[in-house]
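Peer 1: In order, the protein sequence lines correspond to chains A and B.
Start counting at 1 in the first sequence, then tack on 1, and there's your number in this note's numbering.
One point on numbering: in this note's numbering, the residue at position 25 of the second sequence is 11, and numbering is uninterrupted.
Hints were generated in silico from the structure; no laboratory data involved.
Here the structure is a predicted model, which is why all the values come from computation and not from measurement.
Do not rely on the hints blindly, as some may be mistaken.
Claimed, not checked - No farther apart than 16 Å at their CA atoms in a straight line, the calculated lysine to aspartate or glutamate pairs in the EDC-like style are these:
hint, chain 1, residue 1, chain 2, residue 2
1, B, K(-4), A, D100
2, B, K(-4), A, D93
3, A, K24, A, E85
4, B, K10, B, D29
5, B, K56, B, D77
6, B, K(-4), B, E86
7, B, K(-4), B, D29
8, A, K54, A, E76
9, B, K(-4), A, D70
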Amino acid sequence: MLDTVLAALADPTRRAIVDRLAKGPARVTDIAAPFAMSLNAVSKHVKVLEHAKLVRRTRQGREHTLELDAAPLREVARWVNHHEQYWTERVDRLADFFDRQAPTERWKGKP
Amino acid sequence: MNVTVTRTIKATPEQVYEVWLDPKSPGGPWFSARPPIIDIKVDGLFYHVSDSKGRQFPHFGRFVALERGKHIEYTWMSPATRGLETTVTLDFRAVSGGTELVLVHTGLHDDDVADHDRGWSFIADCVVKRIER
Chain A
2 MLDTVLAALA
12 DPTRRAIVDR
22 LAKGPARVTD
32 IAAPFAMSLN
42 AVSKHVKVLE
52 HAKLVRRTRQ
62 GREHTLELDA
72 APLREVARWV
82 NHHEQYWTER
92 VDRLADFFDR
102 QAPTERWKGK
112 P
Chain B
-13 MNVTVTRTIK
-3 ATPEQVYEVW
7 LDPKSPGGPW
17 FSARPPIIDI
27 KVDGLFYHVS
37 DSKGRQFPHF
47 GRFVALERGK
57 HIEYTWMSPA
67 TRGLETTVTL
77 DFRAVSGGTE
87 LVLVHTGLHD
97 DDVADHDRGW
107 SFIADCVVKR
117 IER
């Protein structure tokens, strides 16, 4: 999941699409408008995002609407936050340890 | 993809270095872990288990570089690294007010897929914040 999501977001066009969809659902044609590439090329990028489950497509007749699904983004963020939290806790403990040292033991002055 | 934690600690670089590597010091990262198996030398191994939410998490790795008061580097594997051998580095620098410690955890996912970092930065910097606002 992690690699699929990160690979999907490795491309600047796909990041721009996700950025656009973060503002709200949009039609494929609207999504494609700002890009200097064919609708077909944009559709391929959208398919990669759908495969990574970052984008959901709903069809009403000929109209295709795209919607962002933030769940995979949150899962990646949670995974990295786990590591950040782990090391932050340990560095905090280290800092607290020296803060609590008796003044006589505490390092004073400049290096 | 990297995780970086920077902090200024009120001690000399040597003191910070020693406490970080001391499994008996309550200021060190190994203190609450069981059993603290730690062989502090280049190519020395460590192993410990920590508890979180009723689950046990084994961590193990190998010391790669040890420069007293300056630099520590070890490999790091845990369930959270998903089978990848990641790297933890600590750099110590004397600054006004103590020691600036920079801890960097690198290799947190498979870098074979190019540009993953940019994908991650994108998630961290813009989308998640906007969505969760």
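Peer 1: Is K(-4) of chain B within 16 Å of D93 of chain A, Cα to Cα?
Peer 2: Given that 16 Å is the threshold and the Cα spacing comes to 12 Å, the pair holds.
Peer 1: Would you check the hint for K(-4) of chain B and D100 of chain A, treating anything up to 16 Å between C-alpha atoms as holding?
Peer 2: Within the cut-off at roughly 7 Å; holds.
Peer 1: For the pair we were handed, K54 of chain A and E76 of chain A, check the Cα-Cα distance against 16 Å.
Peer 2: holds, 12 Å
Peer 1: With a cut-off of 16 Å on the C-alpha distance, tell me whether K56 of chain B and D77 of chain B pass.
Peer 2: Distance ~6 Å between K56 of chain B and D77 of chain B Cα, so the pair holds.
Peer 1: Would you check the hint for K24 of chain A and E85 of chain A, treating anything up to 16 Å between C-alpha atoms as holding?
Peer 2: It is violated: about 28 Å lies between the C-alpha atoms, which goes past 16 Å.
Peer 1: Does D29 of chain B lie within 16 Å of K(-4) of chain B when you go C-alpha to C-alpha?
Peer 2: violated, 30 Å
Peer 1: K(-4) of chain B and E86 of chain B were given as a pair; does the straight-line alpha-carbon distance stay at or below 16 Å?
Peer 2: Holds - the C-alpha atoms of E86 of chain B and K(-4) of chain B are around 9 Å apart, at most 16 Å.
Peer 1: Verify the proposed pairing of K10 of chain B with D29 of chain B, using a straight-line Cα cut of 16 Å.
Peer 2: Outside the cut-off at roughly 21 Å; violated.
Peer 1: Compare the distance between the alpha carbons of K(-4) of chain B and D70 of chain A with 16 Å, and conclude whether the hinted pair is satisfied.
Peer 2: Between K(-4) of chain B and D70 of chain A the Cα gap is close to 45 Å, so the pair fails against 16 Å, i.e. violated.
Of the numbered hints given earlier, the model fails hints 3, 4, 7 and 9; all others are met.
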